[in-house]
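Chemist: Each protein sequence line maps, in turn, to chains X and S. Per the working numbering, residue 1 is the first one in the first sequence, and the count goes up by one each step. Per the working numbering, residue 1001 is the first one in the second sequence, and the count goes up by one each step.
Read the hints as simulated data drawn from the structure, not as lab findings. Check the hints yourself; a few may be wrong.
Claimed, not checked - Across the chosen pairs, the derived CB separations fall in these ranges:
id, chain 1, residue 1, chain 2, residue 2, range
1, X, K150, S, L1018, 54 to 60 Å
2, X, D12, S, N1388, 41 to 47 Å
3, S, P1318, X, A233, 30 to 36 Å
4, X, K122, S, K1287, 38 to 44 Å
5, S, G1274, X, M1, 42 to 48 Å
6, X, C123, S, I1593, 49 to 55 Å
7, X, T154, S, N1388, 27 to 33 Å
8, S, D1275, X, P67, 34 to 40 Å
9, S, G1114, X, K117, 55 to 61 Å
10, S, Y1119, X, A54, 37 to 43 Å
11, X, S185, S, Q1494, 22 to 28 Å
12, X, K150, S, R1189, 35 to 41 Å
13, S, S1196, X, A54, 25 to 31 Å
14, S, I1553, X, P67, 54 to 60 Å
As the list claims (entries may be wrong) - With a Cα cut of at most 16 Å, we get these calculated EDC-like pairs of lysine to aspartate or glutamate:
id, chain 1, residue 1, chain 2, residue 2
15, S, K1061, S, D1147
16, X, K57, S, E1486
17, X, K150, S, E1465
18, X, K152, X, E121
19, X, K117, S, E1486
20, X, K119, S, E1483
21, X, K117, S, D1510
22, S, K1003, S, E1146
23, S, K1287, S, E1244
24, X, K117, S, D1147
25, X, K100, X, E121
26, X, K86, S, E1146
Glycine included, every Cβ here is placed at the ideal spot set by N, Cα and C.
The chain contents come next:
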Amino acid sequence: MPKVTIDGIGFDAPKGWTVLEAARFLGITIPTLCYHEGLSIWGGCRLCIVEIGAGGKTKLVTSCSYPVEEGLVVKTATQRVIHARKVILELLIAQCPTSKKLQDLAAKMGLGRVRFKPKWEKCIYCGLCVRMCEEQMMASAIGSVNRGNKLKITTPFDKTSEACRRCGGCMYICPACTVRCEGPSPENVLCGRCENSMQPTCLDVYDHYTCWMGLKGDCGTCVQEDLDKKCEAKDKEEAK
Amino acid sequence: MVKLKSGEQLDKYCEDILKKARKVPMIAISSGTCGQARGSLKLIEAFQDAVKEIKGEVEIKITGCHGFCEAEPNVIVFPDEIFYRNLKPENAKKIVQATLKGEVVSEFVHKEGGKDFVYLRDIPFYKKQMRIVLGHNPKIDPVNIEDYIAFGGYNSLAKALHRRPEEIIDEIKRSGIRGRGGAGFPTGRKWEIAGSQKGDVKYFICNADEGDPGAYMDRSLLEGNPHLVMEGMIIGAYATGATEGWIYVRNEYPLAVKHVTMAIEKATELGLLGDNILGSGYNFRIKIVRGAGAFVCGEETALIRSIEGKRGESRQRPPFPAVKGLFGKPTNINNVETLANIPKIIEKGSLWFSGIGTETSKGTKIFSLVGKAKNTGLVEVPMGITINEIVHDIGGGSPDGKAIKAIQSGGPSGGCIPRELFDLPVDYESLANAGAIMGSGGMIVMDEGTCMVDIARYFTNFLREESCGKCVPCREGTQRMFEILEDISAGKAQEESIEILEELGSVMKDTSLCGLGQTSSNPVRSTLRYFKEEYLAHIKKKECPAGVCKEFIRFSIDPQKCIGCGLCLKNCPQGAITGELKKPHSILPKQCIKCGICMDVCKFNAVFKKV
């Protein structure tokens, strides 16, 4: 069993596990969007990124797809990770502000602004419905069409598909179209943040794991004095 | 055709070809896609007619591209290597006659800086080059396998088949060659990983999905010398233990597809491909897959999915293709140019190869030099040569006297390098440190008339259309970047836009799924790094220093110079020009779409652009 270290916790993870599975086993939260236990790994939304490696040589990988390997050092909530997650979420929300799943994630992650013009699209191309249709419903009635800015998910040639059994699996799993968030409006892309009404509970600070909210001490709940300095000192120690 | 059963038989075959060869002057006509576009097919006909008419002892050879695009259609007369450029069909007779007499027609030779250059080796464009890979292009008829064998072709394969696969991998590792497709991964290491995988079925893929705007070295190699690439591929497949191979070539390259198809047939007939290659007991087959032109399919995991018949989108790594690739089997993928180097390394040894180039980058690299340079074309140079030498010595500098401002290297995933850094040696590391990449080798020269915001906008637009759309940072990031760049070039952006661009760029680089996404912010990041003041001029001063962005320019007519000929009025697509005949005209700013046609058609320089 490969020995991995996640956020400072070392343990032997069973071979074949992904970093996400290992982290969840330890009770560490990593946000996900296009990941689903019952479906194949996609790795498209990039929200589950974590930082791997130690010292000066680190990189960001998606935890949902990265397999555990001997000696792997993972940090799930460094500044770099949280910043990247927020930018990605900002891009997603600007694309589809009416998704409750996205708005909840924004509230949890403390995303405070959206700098891009909202597109008010109905789909975020997470690929869940396509995989659901193919892998669980064995229908393969829908798929991606075109690429880049013209990408869409639809049936072949936009015609009613004979392969579709109207099971509704795609709608069930969609994070954008079923559970709608009525909060956002053209003036305010972020919603009223109902998910945010509970008080944040800060974990014991380890490493860069600054805040449950992914903030840099902005909420003031936990004591944040000289945290950056502490982190720097710790980094130096590790580098040695 | 005989079936060759051993290396000795191949040698014998080669000797026979050389004995048969006529000892007469040879006129090699450059006829790749580029040459054909400039009329080489008519030129070939004219030359063949001229030879028939004169009944002279001259051989006409139809070859692939000679590399000097600016001079297409051109011919090289062997054995003296006399170079004639920009020929028309009516010139053919004159050249054939002169060739028979052993004379030179000086009116068609290359002229530069007031001097005549008769021989290929003297022409500045060719002089500084080191044409290891492209060198045989002018001497070989790509549809004739005998031409290739006459120059020692498939000898390296015969040599390689006598050695153990590990020895070949060692040789390639020692040579220090790195992938020519862009990322620069050591080829020997790649083969070692693929070779060490267990399993009976392994695949070997040649990546000829060349999608960068302005890059065409792979096309030229496949069109001009397909056997060289195939030989490299067979050697690689033998070394890694693969039994089946694919050449993934884009359908936009019909001539390359045709030549490769013929090459596979001929090689199979001769026993150089298929079962029991050269009597060694090793079997290998090559198939062609034609790509539909998606840029992302040049990325290896997307390419593999495309061959499998699925949608071309990249896949998460690990597992790497070397472990789990095509149809779930270990797969090795190499670029066309990488494979074309392999036979040379086997032939001359790793020591010879590693003697060329710099500490970390060995051998030569082909660049397609395009844009605002006098001599455009395919340039093969040793690694470590400076950009200055490529742009000024080989490329001949700017064609119209405007100062050269920067080069763009590496296609849409690459970046811009300003002229202050033109002393930079060309190798993988120094280009990457400067914010560009080697990429597949596109090199676009830009002068003072190029707006860097516009360049970034152009490439970002390309990427936003060519992203597969699977991962968020690449799909949404490129679209948002394009939006912001549109705003900047329309004068609608704020200063914070630059911050957003920088932030987006770094996140895209950090988090995107594949190489396309990770490098998709390079055009913006590198122009921001070196030409921030141009961005600021657009945002703050509301002006485009290069006079490109339409929002900031205005076309006017100088009443002093205008004689009222009406030519601009007739050509304006918008009807934005008014005026009576023989009286000065004027432009209606509201209707004008700033296409610049009036300026192009005016014979009196009366139309001018206000920046």
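Chemist: Compare the structure with the hints numbered earlier in the document and write down the numbers of the violated ones, lowest to highest.
Modeler: The structure breaks hints 2, 6, 7, 10, 16, 21, 24 and 26; every other hint is satisfied.
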